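Trainee: As a plain string of letters, each chain reads:
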Amino acid sequence: MTALAIKQALEPDLFQEDFAVHAAGLPGAGLAWLDKRRAEAIKAFASTGIPTRRVEAWKYTDLSASIAETLAPAVRMREPATTAGAFAEIPGARLVFTGGFLHAVHGSESGVETVDLSTIDSNTPGWVNDHFGLLAAGSEQPLGAASFALMRSGVAVRVRAPNAALHLDFINPFRRGDFVSHSRVLIVIEEGASLRLMESHTGEGTDQTLANLGIELVLMPSAKLEHVRLQAEAPSVRHVTSIGARLGRGAEYRALYAALGAHLSRLDVRIRLEGEGAQANLRNITAPRAGIADITTVMDHASPHTTSRQLFKSVVGGTGRAVNQGRVLVREGAVKSDSHQLFKSLLLSPRAECDAKPELEIFADDVICGHGTAIGALDDGALFYLRSRGIPEPEAKELLIRAFMEDAIGDFVDPAIHGAIWRRLDGALNVVGQTET
Amino acid sequence: MSDMMLEIDDLHVAVDGKEILKGITLSIPAGEVHAVMGPNGSGKSTLSYTLAGREGYEVTRGQILYHGEDLTQLAPEERAAKGMFLALQYPVEIPGVVTMTFLKTALNAQRRARGESELDALKVLKLVREKAKALKIGEEMLKRALNAGFSGGEKKRLEILQMAVFEPKMAILDETDSGLDIDALKLVAEGVNALRAPDRAMLVITHYQRLLSFIVPDRVHVLAGGRIVKSGGADLALELEAGGYERILEDA
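From first to last, the protein sequence lines stand for chains A and B.
At position 242 of the first sequence the residue is numbered 242 (my numbering), and the sequence of numbers has no breaks.
At position 128 of the second sequence the residue is numbered 1128 (my numbering), and the sequence of numbers has no breaks.
A hint or two may mislead.
List time: in silico DSS-like cross-link candidates among lysine-lysine, alpha-carbon distance up to 30 Å [what the hints assert, rightly or not]: (1) B:K1018 - A:K397; (2) B:K1186 - B:K1136; (3) A:K397 - B:K1082; (4) B:K1186 - B:K1169; (5) B:K1136 - A:K344; (6) A:K397 - B:K1169; (7) A:K397 - B:K1131; (8) B:K1082 - A:K344.
Simulated from the structure, these hints should not be mistaken for laboratory data.
Quick caveat, the model's predicted, so the values are computed rather than measured.
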């Protein structure tokens, strides 16, 4: 062990110290159920601390090395957010967060209740303590555990009607100093209800913020969730989101994740297909030119006839690095499980890198599990084909790069979402495709 | 100005340092259709890729004149803008690019390069629809991703549609007959024949005589071992069909 490693092993890290000093002042401190879950979560977090590369699930993304400085906990800001969320023109109630804190609520949806978690107390409705902190808070998602234990802000949402639509606009305005925000989102969709969730993270400025978000998705039987998530933070920011989802019988989760910002981003997803016939369909796109864009998933088939699909696409330029990891677990008895994962990456520069790691663990018979990985440069044959039809080389390359991404988005979302994603993606691809100077 | 569309003189081409074409001489006047026939490995595809300017096909000797202009220094897109067109044996599948969008992008890129005004979406749509009808290409196919999941016949028809839309001066058809059943072959041949014109030349590259019963060439050239070993009229194709390549090669 190096001196630094010994120091890390012996001393509690930033987050444990924060907990030791501030636990009594956190929102809801003193509520017995919450205190208990928080204590469990900080313990779960302490089993790894802020992960180094020696933690297997984090071997490609060294978060510990990235957090060398001290980060003060984010506090509620007074000034309103000036930027709009990425899906601004699409209907739905809108919750605006600045620095992780719920700042404003615009509009409402029938059958949708919201609770500001920064003011959680003994009057908080029972469905919150029925669910809150039971997902994305275990040792396998250490940052998720920290976001729960140290939660200072966030929102809980309960949906009891079909066709609800909700925006979560996380805005990181410029501020002086480097902060860490530990926020949580709890979404409970009751039996037969459905929600379109549009989550966007946008920001400006040059501070070294670490946004640490934990999201719990509870889908009761036959519930449906369409989740569109755009992470377009400022390049200086580090962003970690841990998602924990639980799907009841016949529930459906459909998600498009896009990570286009932050110099280090990690999306840590654990989905448990708990009820028979539950389905999850994930698409992920990243386009790093510098820094790391990491998605790591665990798809847990725990019941028969469960289905999962995962398609991850990365366009990597400059010195960027894409990390695509996915573990599919089919538990004993989860017969007729049907799972597929495909990771494709396009490397545009000699120093661009992609780490892809699909894994399968199967403990049931009579299942269909497939996976594939493709990492490469632009296809010469396709490039020649387009050029031979008169399309100049730079334009042909651009067309192919966009086509590569469109292949993951085109058939997956409706035109309004498609347009909103492409408005951001276009800019990101223009940058990632630039030749190194 | 010469009425020769394409003049290939002593063309030597190497791929990965290995010489494939070993001195081809061939001239095609405007208004004529020439066929190049040859067994597998004779250099047919190398010839078509070289004419279209694909990277990795190195001209080590000889020249290619198009309208009297040296082609070898031009990029593929520049050749296309000047009126060259290559229908590929295996058109490339490009998921994520809508066929109609591709047609508009390519047509306008060519027009831009020639200093012509670009056509708006509506004009392109009208033009494409008109040409697509004859090739039995429906609206639905134009909305799909370029060649993605297309059958062999659909891919070849789309190549001919592109030729009809771009209106090239010099069209090269590389094994356009491969993988086609007789109905698809007839449809494609009709499309090609409709484009025969006094100011347009075509080079039809094929392994089999079959296609040449439908697209009757003015001249037939036999390619073997990287050289043209025999040239003749349309009858030469029939002779080949009857006797096979071996006999011709022995004679040569």
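Trainee: Which numbered hints are broken by the structure, listed smallest first?
Mentor: Result: hints 5 and 8 break, sorted rising.
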